[in-house]
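Undergrad: One letter stands for each residue in the lines below.
Protein chains: 2
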Amino acid sequence: MSEVRAERRTRGGGGAARRAERTAVSVETAKFIQRNIPNFEVLNEEALEIIEYNAETVLEEIGVNFVENPEALQRWREAGADVQGERVRIPRGLARQLCATAPSAFTQHARNPERNVEIGGRNLVLAPVYGPPFVRDNEGGRRYATIEDFRNFVKLGYMSKWLHHSGGTVCEPTDVAVNKRHLDMLLAHMTLSDKPYMGSVTEPVRAEDSVRMSKILFGEDFVDQNTVMTSLININSPLTFDSVMMGALEVYARNNQASIISPFIVGGAMAPVTVAGTLTQVLAEVLAGVAYSQLIRKGAPVIMGAFVTSIDMNSGAPTFGTPEAAHITYGVGQLARRLNLPYRSGGSFCGSKLPDAQAAYETANSLNMALLAGVNFMLHACGWLEGGLVSSYEKFVLDADQLGTLHHLAKGVYMDDNGQAMDALREVGPGGHFLGCQHTQNNFKTAFWRTEVLDYKPYETWEEEGARDSSQLANVRVKKLLRDYQAPAIDPAIVEALQAFVDQRKASEPDAFG
Amino acid sequence: MSEVRAERRTRGGGGAARRAERTAVSVETAKFIQRNIPNFEVLNEEALEIIEYNAETVLEEIGVNFVENPEALQRWREAGADVQGERVRIPRGLARQLCATAPSAFTQHARNPERNVEIGGRNLVLAPVYGPPFVRDNEGGRRYATIEDFRNFVKLGYMSKWLHHSGGTVCEPTDVAVNKRHLDMLLAHMTLSDKPYMGSVTEPVRAEDSVRMSKILFGEDFVDQNTVMTSLININSPLTFDSVMMGALEVYARNNQASIISPFIVGGAMAPVTVAGTLTQVLAEVLAGVAYSQLIRKGAPVIMGAFVTSIDMNSGAPTFGTPEAAHITYGVGQLARRLNLPYRSGGSFCGSKLPDAQAAYETANSLNMALLAGVNFMLHACGWLEGGLVSSYEKFVLDADQLGTLHHLAKGVYMDDNGQAMDALREVGPGGHFLGCQHTQNNFKTAFWRTEVLDYKPYETWEEEGARDSSQLANVRVKKLLRDYQAPAIDPAIVEALQAFVDQRKASEPDAFG
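Each protein sequence line maps, in turn, to chains A and B. Residue numbering for the first sequence follows the working numbering, starting at -4 and increasing by one per position. Residue numbering for the second sequence follows the working numbering, starting at -4 and increasing by one per position.
Just so you know, the hints here were simulated from the structure itself, not pulled from any lab data. Predicted model only: the values in this text are computed from it and were never measured. Be careful, since some hints might not be right.
As the list claims (entries may be wrong) - Pulled a few chain A residues facing chain B out of the computed Cβ check, cut under 8 Å: (1) 29; (2) 199; (3) 200; (4) 239; (5) 414.
As the list claims (entries may be wrong) - Simulated coverage check for chain A against chain B, where a stretch passes if three residues somewhere in it have a Cβ under 8 Å from a Cβ of chain B: (6) 240 to 246; (7) 257 to 267.
Cβ atoms here follow ideal geometry from the backbone N, Cα and C, with glycine treated the same way.
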């Protein structure tokens, strides 16, 4: 298939190389998705104009808070906003005008240039789950995540054909000090994978560390001139920008590194219960956040984010894969395109505790909607479980397999002579069958998406093999991928330099937990 | 919620009535879906014209077979087709011209007029799984279906809020003679539910029985003047119309009852491996089939059907929820709208042996695509398992719950003042929360779709309650629904007359199996 880049790796030379060659695992990574299908749009022009008008009203009349950040308040004052205390009221039109300097698309470079991604336009880049403090697998159940789990998920991401990006906090390595774990996480992404990665945002100094390590990996000049990280800056919805996240944003924007500026909304709690109300708030928040990034550095790459779930009004629990979340995701896509900004949303969202039917319904609902909504960067595209509390080994590979369906959906319908298949129709005719005809022989290898984990076997075979459910089949695949894993080649001097930086930084301050 | 019609039933009078009232179960059935969202379209005008042109070429040059059906051949000859042997070649434009007398929408009446459905236009009517010889539940595993299972599935369908239609062969009652089971099946649909149902198609005489029983239920005149059945006429793809199915179609068309005229295609086996080739064949087959229905009776209601799956080219197994099936489903929707015919496709399709993650991914992919493809009648909307070999009790209620998401998705985004929620945004402001605000209080009951089976509980509660997966939660719900089931009221004289008809027909011929 033309979109897939295949590679073979070997270790060392001579006999070892030949042995390695015999057992080498082919690691394929699909190119990021380039859509050849339309976007799905739920809002008409009038609805869009109402929401855009209302968002400006929110910024002008209600305003946003920039908390514990006097420099930000000063920047807003100089830009023409009305600042009272920590409240920033932005005159109608100003935020949108400031947003205009943000690029509509940008390249995030990977250390392997084959893995570079273009974020924006008609593209969709897929990155794994971000943030869970727990992991789950079939053997160990649910437990706190460790750095070993973290490395395993980076390896699984590297081995996943349909995943374009190594992500960031694929799980929280809770066995490493809070003030030092970002160093180990970055080192893992940089050395165990060659796909692009995300930087730390939990303190501005950790964002600085991310930039410094990236300069060791890519070279100082390269990082000055290119974007090598996309990092996640959450807005404290409603309408609040805290100093930690803004501090990280400031570091990245100054260094021309990309940030996802993303409201984090459980609808009914952090935003109104209605879709149009939530869209209004999301737009107001993103306008303020993106405008602020451009006050730091005109042209800094940013992504319009929207993490939006519904709420179960009985229990207060967040809910996933719901129709209301879909409406919001479709709507934000339209708003992002009108702002000419790349769009982040969607993911393998679910509330289920297990990788079961509930998890898969919710996830499939979310993945499909994100593709059709025109999302350009999908964080959490695989491995998310239990409302984001858990990174699931089994669900990671199940979801990653489903990401292949998005690639094939996005291709659209081929209408060339081969696609039209009139020869096949003529050859077979009424009552025949197509399995053996020439057209089928010519096309069968690439005609259909193929799973690498789901079961299509005859019932009797399946039963003889233990009547395994998806979770058990996924468990087998997780083990196989981790067994087959081979690290991508890297200059040993760079690894040494990265390790030295990590060691020095770790030695420079005592461990902090919590 | 305004789209839901609630009912309470009681049995008898006096003390019994009061006791019944206290324990009566509220049975809600949502109105069929009326879409307020756009259709998703993957084909541009040029692609549509190519496919339409090619389909006419198939009819004109290759033709279709009407097998063992000399009367059909005669009808085609008289209509202007070129008939040689059983091959019917239809001049370009003729089939489409004949199709023009089929209605673009029709009402299928239920014995409870509240349950009438409008098939066509922007509507979507949901009906359960059709045809499996096996059933599965958590206790009994996989086994041959019986008439008791059949009745249970009719009851579950009646109790399912989001299901508008009782369906047809919800499973094959294999313990009843092949030549008599249609009588028991119809009796169950007519007495255990008050939703609309499907007629038998396995022999023309069984279609006649279906009409006769419907006349007992609705009255002779009513059935003469109204459509009370929608039945499934499969085309024997590629391009073949067998005499049994055509015989049933003839009965129904003559009686002004509706037929779904539906290619049954496993892509790569019964149609070309490419999407455009399959679309061409589907259109050619439907044009021929619908045209034939109009040769029987101009104006007879018909639905353009498309049952299409992909194939696993390694094993030959059919595959479900795939991107190729989605492209075909979207494309057929566009072709059906250009033909001005109601459209049947989609369903809770999956290849999995269990109601697990695989089943749910595949099902959710299929359900979402069917909604966006503009499907008007969705057979198999819940309960389908193992490629259609199995009706699953647990999956039936899980899928039926997910059908609620389609209803909410179809509503679109409310843009009135309440939807815009500017009051809520003003009331809460930066850093607040929306849970307690007036707007949330006013809207929380209807703002979000709610599951009746999925789990949103806190982890600890869920673990204390046995750490149940979706299948186990569904099993609990199945039992509750069957325990709570109360038959809808019906005139006892009608039940007697139906039973007498069934008894007389059963006595009139010996049992036949196979």
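Undergrad: Would you mind marking each hint as holding or not holding in the structure?
TA: A quick look at each hint next to the structure:
A least Cβ separation of about 15 Å between residue 29 of chain A and chain B goes past the 8 Å threshold, and the interface hint is therefore violated. At a threshold of 8 Å, the smallest CB-CB gap from residue 199 of chain A to chain B is about 21 Å, leaving the interface hint violated. Checking residue 200 of chain A against chain B by beta carbon gives a least distance of about 25 Å; that is not within 8 Å, so the hint is violated. Taken as an interface hint, residue 239 of chain A does not check out: its beta carbon lies about 15 Å from the nearest beta carbon of chain B, beyond 8 Å.
Interface restraint check for residue 414 of chain A: the shortest CB-CB distance to chain B comes to about 4 Å, inside 8 Å, so the restraint holds. Remark: the stretch 240 to 246 of chain A is not confirmed as covered by chain B, as 0 of its residues place a Cβ nearer than 8 Å to a Cβ of that chain, below the required three. Look at the stretch 257 to 267 of chain A against chain B: 6 of its residues bring a Cβ nearer than 8 Å to a Cβ of that chain, three or more, so the hint holds.
Going down the numbered hints, you'll see the structure goes against 1, 2, 3, 4 and 6, while the others check out.
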